[in-house]
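K.L.:
Residue numbers (the working numbering), protein chains in the order written: chain A, 1 to 160; chain B, 1001 to 1748; chain C, 2001 to 2081.
None of these hints come from the bench; they were simulated from the model.
Worth double-checking, as some hints may not be accurate.
[To be verified] Which residues of chain C face chain B? A few of them, derived with a C-beta cut under 8 Å, are: (1) T2026; (2) Q2029; (3) A2052; (4) G2055; (5) Q2056; (6) P2065; (7) P2068; (8) S2070; (9) L2078; (10) G2081.
[What the hints assert, rightly or not] Straight-line alpha carbon distances no greater than 27 Å define the calculated DSS-like cross-link-like pairs of lysine-lysine that follow: (11) K1123(B) x K3(A); (12) K2067(C) x K2017(C); (13) K2077(C) x K1401(B); (14) K1560(B) x K1011(B); (15) K2067(C) x K2077(C); (16) K1123(B) x K1055(B); (17) K1179(B) x K1397(B); (18) K1179(B) x K1303(B); (19) K1303(B) x K1746(B); (20) K2077(C) x K1303(B); (21) K2017(C) x K2046(C); (22) K1746(B) x K1007(B); (23) K1560(B) x K1539(B); (24) K2067(C) x K1401(B); (25) K1063(B) x K3(A); (26) K1560(B) x K2046(C); (27) K1411(B) x K2046(C); (28) K1727(B) x K1746(B); (29) K1397(B) x K1007(B); (30) K1179(B) x K2017(C); (31) K1007(B) x K1303(B); (32) K2077(C) x K2017(C); (33) K2067(C) x K2046(C); (34) K1411(B) x K2067(C); (35) K1308(B) x K1401(B); (36) K1425(B) x K1401(B); (37) K2077(C) x K2046(C); (38) K2077(C) x K1397(B); (39) K1401(B) x K1055(B); (40) K1401(B) x K1007(B).
We put the CB at the ideal spot given by N, CA and C, even for glycine.
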Amino acid sequence: MTKRIHVSTTVNGDEVDYLCDPRETLLDCLRDHLGVMGVKEGCGTGDCGACSVTLDGRLVCSCLVLGVEAEGKEIGTVEGMADGEVLHPLQRKFIEHAALQCGICTPGILVAAKNLLERNPDPTETELRYWLAGNLCRCTGYDKIIRAVMDAAAEMREAS
Amino acid sequence: MALDGQKTAYKYIGTTPNRPDGLDKVTGRARYGADISVPGMLHGAVVRSPHAHAKIVKIDATKALAMEGVKAVITRADFPEGLEGEDWDIQENCMAGEKALYDGHAVAAVAATSPLVARDAAKAIEVTYEILPHVTDVDEAMKEGAPVIREGAADFSVPEGLHPNVVRYFDSGRGDLDKGFAEADLIIERSFTTEAAHQGYIEPHACLGQMGADNRGELWVCTQGHWFMRRMSTAVLGIETTNIRVTPSEIGGGFGGKTTVFIEPLSLALSRKAGGKPVKMVMSRNEVLRATGPTASASMDVKMGMTKDGRITAAHGTFRMQGGAFAGAPVDVTTMLAFANYDIEHVHHIGYDVITNRPRQAAYRAPGAPMAAFATESVIDELCRELGLDPIDTRLKNAAKEGTRATFGPKYGPIGFMETLEAAKAHPNYSEPLGPNQGRGVASGYWMNWGGETSASVAISEDGSVTVSVGTPDIGGSRASMALMAAEAFGIPYENVRVNISDTGALGVNEPTHGSRATYASGLATIRAAEECIGKMCKRAADKWGIDPEAVVWEDGCAKPSGPNAGEFPPMTIAEIAGEMGGTGGPISGHYEDSPAGFSGSFGTHVVDVEVDPETGRTTILRYLVVQDAGKAIHPAYVEGQFQGGAAQGIGWALNEEYIYGEDGRLQNPVFLDYRVPVASDLPMIDTVIVEVPNPGHPYGVRGVGETGITPPLPAVANAVRDATGKRICKLPLRPSRVLAAIQGKEV
Amino acid sequence: MAELHLWSGLRALADGKEMVEIEGETVGQVLDGLVAAYPGLEPALKRGVSVAVDGQIVPNSRNHPVKPDSEIFLLQKLAGG
Ligand code: FES
Ligand code: FES
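Given the sequences, and given the hints that come with them, work out the whole structure.
P.N.:
Here it is, written out as C-alpha cells:
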C-alpha cells in the first residue's frame, strides 16, 4: 500500500485533517475521508463542474486538484453557503425559480455562481452563461438557472 | 370517457410552490447513489474489454487476489446458466460470457477495501482475448459478409435472406401507396442518418449492495425504477425476487438510461462472495459512456407526397436502427410514431432492428421518436419550401385531431396538436425578422405516454397532515406534483402533505418513472387513495353525528353534513377527525393500485431561429420556442422545466452529440470534453407555452410531458439551418465541419 | 364480435387478413381467441404487444373490457424513457 500523507486544511471555516494516498484527488478526500457529500463527481476529468469548490477563494474542479494540495488552504463547498438556518440568496432563488430538477449539478453551480457574484455583482446574462459554461446541467436547459442567478444577484445588490 | 366529473376549478393545482426536497438539494444534504457509506463497506471495480469483439480465452485473477485488501473477484462463472430471452441479454450485458461484444463490456469485477485498491486489482486481472472482426455501423452490419455478432439472435419476424444481425423486423401501414403518391403534386424522398446519443445524466450509475450466503440482501441505488432494478438484478443472479429489498436514492438524472441494471447485480454477487460485506460501486464517466445507455443510431429513407395546396397524400418510411449487441433498438416505436402527427390515408413503415458491436442501447427520452421525426419533419419542411407553403399552416391542414385515425391504427381521443400549432403561429417568435445567415425552423413531435403498474398509499397522521407514499422515483420535482394533487383532493394546504418514495418492501410493484408516466399514474393513484381516505373520514363523521354516511360531503378539508335530512352539525376538520381516529376505528389510510389505461399523448411544436457562421459552419441558437400540450399543468414551473430540458437535449443531439467509433471499434470520445452536451453559453433562454387540452383519463386532466420535448428539436434545428444556408443536411449532428462542407457545396 | 386489426407484419401469420372478428368480453379473451384461430401469431403475442381498444391503449391489461362493437388494434409493445 502506498504511504499515506497527512493533510491539514480548512473546510467551510472548520479545521480538519485527513490521511490521503498521494493519488487521491481533493474530491475523493472531501467525499471519502471527510464525508463532505455535497461535492459531487460527474466526470472526474474537469468537464462537468459538479465537483466545484473554492480553494483560497478560487473556483476549481476538485477532481483536478490532488488531496495533498489542500494542505494549509481554505476550501469552500456548498455546505458552507447558508448562514445557519438562513439560506444564501442563491440557494433560496434556486428553489423559488425551480432551477433544479434532479439537483445533482446544483451544488457545483451554486458554488460557481457565488464565486462569480463575489467578483462581479452585476453580470450580464452572457457573462453569466460563459462563467457557468464549465458546469453541465442535463435536466434544465439552463433557462431557470440563469434566471435564478440573475434574480439573486439583483436582490444582493439591493441589499448591499 | 366524458369530461364529466373532471374538476376544472382548482385551489392548489396550477400553483408553483417550493418543492419539498429543494432545501436538501441546495444545501448538499440530498443523498444520491454514491453518497452513502456503511461500516465495513468494500469498494468494487469492473474490468472492461478494450476490444469491440473478442473471444474471452482466459481470465487470470491470481495476482489480483494476492493483493492486500482484495476480498473477491467475480466473472461470468459466478452467475447462473440457463437464462432466457431478455433476462439472458441483461445478464450477458452485465458480465460477458464467451465473448466481449463491445468496447467497455464488463468481463470481471473485484471488491477490495478501498476504491484505489479495487482499481489497482482490476488492472491486475489478466484477460486473454482472441480478437474477432467487428462492426459498429448499422448499414454495414446488414451487408452480406458483415461479422456475425451472434447466430440465432433473430426472432420469428425476420424474413428469410437477411443478415443474421437483423434480429427483428417490423412492417405496418394501411391504404394504397401507389394511389396516394399518384394524387400528389410533389413527391420528395430523402435518406437520413442520426448518431447514437447518450442520456448524459450528470450522476454516474452508483449503488451499494449487500447480500449474504442466504441470497438475501439490500440494494441502495440511483434508479428510475427500483422494482425493475429488483426484478432484473435477482433474475441475473437467479434468486427469488423478494430476497432483495431495493431502496432508491435521490437520482441525478436518468432520461430512460436508469431503467435497467449494469453494476448492481455485480455488487450483490461480490458482496456474497466477500462474506456478505456491503460493496459500493460507482461508475466513472468513461464507463458510463462506454458501457451504459446510449440510444440507437439510425439510417432512414422517407418518401412523402403532397398536393399543391399542402395535403399529405402518402408516406413511406424505412428505418434501420442499431441498438448495440442485443435486440431492442426502439424501431418498433420509430415506425409507429414516424407519421403519427398527421392524418394520412396511405402510409407504410418498415423497420429493422440490427445488432452491432456497441453497448446495449437503453431507453432515452421518447425512445425511437426523435430519429423518425428528424426524417419525416425534414421532408415535410422540404415539401413546404418547394410548394411555397407556410410550415405551420401546412401542419394545421394535416394535423391529427380528436377522431383522426392515427397512422398506427386506432382513433385519437381529445388531443392538443392543433392548439400547439396555433399557439406557435401566434407567438411573437414566429414573426421576428431574421437577419443575414439566419434561419427559422419549425417541427412538431408526439409521444403517446404511458400508464404502467402503479401502487400508492396515503395515510392520515394524528394531526390531520397527510403522508403520500409512491413508488416512482422523483427525478424532476414529482414529489411537489404529488403533494399538490393530494392537497387538492383533500382541500388541505400543500405544506401539510409529505410525499415519500417508498422502497420495494413498502408498496406493490411500480414501474419506473419512465414513459412520462409518474405525474399521470402515481398522481392518479394518489388522488384515488386520497378519495378512499376521504370516504373513511366521512364515515367517521357520520358515525359521530349519528347520520347516514351518504349525507356527509367533503369540502375544503372538512366533513360536512349535506342534504335535507342530514341535520345541523358544525363541520369536522381533517385534524379533528384525525385527532380522535384511534378511538373511532383506528388509523385511516387509503390505497390504490392499477395499470391505468387512461393516459393520453402529448403533442408539441417547436420554433427555432439560428444563425450559421458562413466561415466556420458553427450554428448558434438565437431563439427557441417550445409549445406543448400538458393536459393540465400541475406545477407549471416543472412542466416548463421538462419542456426546456427536452429541447436542450434535442439541440445537443442535433448539433454536437455523437458516438464516434474508430476503425478499431473503440469509442473515441468517452469524456464530456469530446462528447459535447450543451453548456450554458450554447443556449439562449428557452421560451415556453403550455397548452392545456385536458386528458379525460385523469381526474385533473394530466398528460405526461417529459418526453415529447426531445422529439421536435432534431428536425427543427435542421430546418432552421436549411433556411439559413440553403442547404438541406440529412445527417446529424450538424457539427460545424459538416455544415461548412455543405455550404461549400461538398458532400456531407 | 369485436373487430381486431393487425399490423401488416402480423397479417402473414393470420392468412393475410388485416381484420379479424373475434368473440370475447375482455382483451385477454380476444387475444386467446385470436391465437386459437391463428396459432402462427403466438410468438408475436408472446413477445409482447400493446392493445388499443376504441382508441385507448391498454398495455398489459388482459381484463380490460371489450364491447361487441369494439374496435381493437394490436400495436407494437410500448415503453418509454
Ligand atoms: S467531477 Fe470534476 S469536473 Fe466533473
Ligand atoms: S438539475 Fe439535473 S443535472 Fe442539473
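K.L.:
Going through the numbered hints above, which ones does this structure break? Give me the numbers in ascending order.
P.N.:
Of the numbered hints given earlier, those the structure breaks are 1, 2, 6, 7, 8, 22, 26, 29, 31, 38 and 39, listed in rising order.
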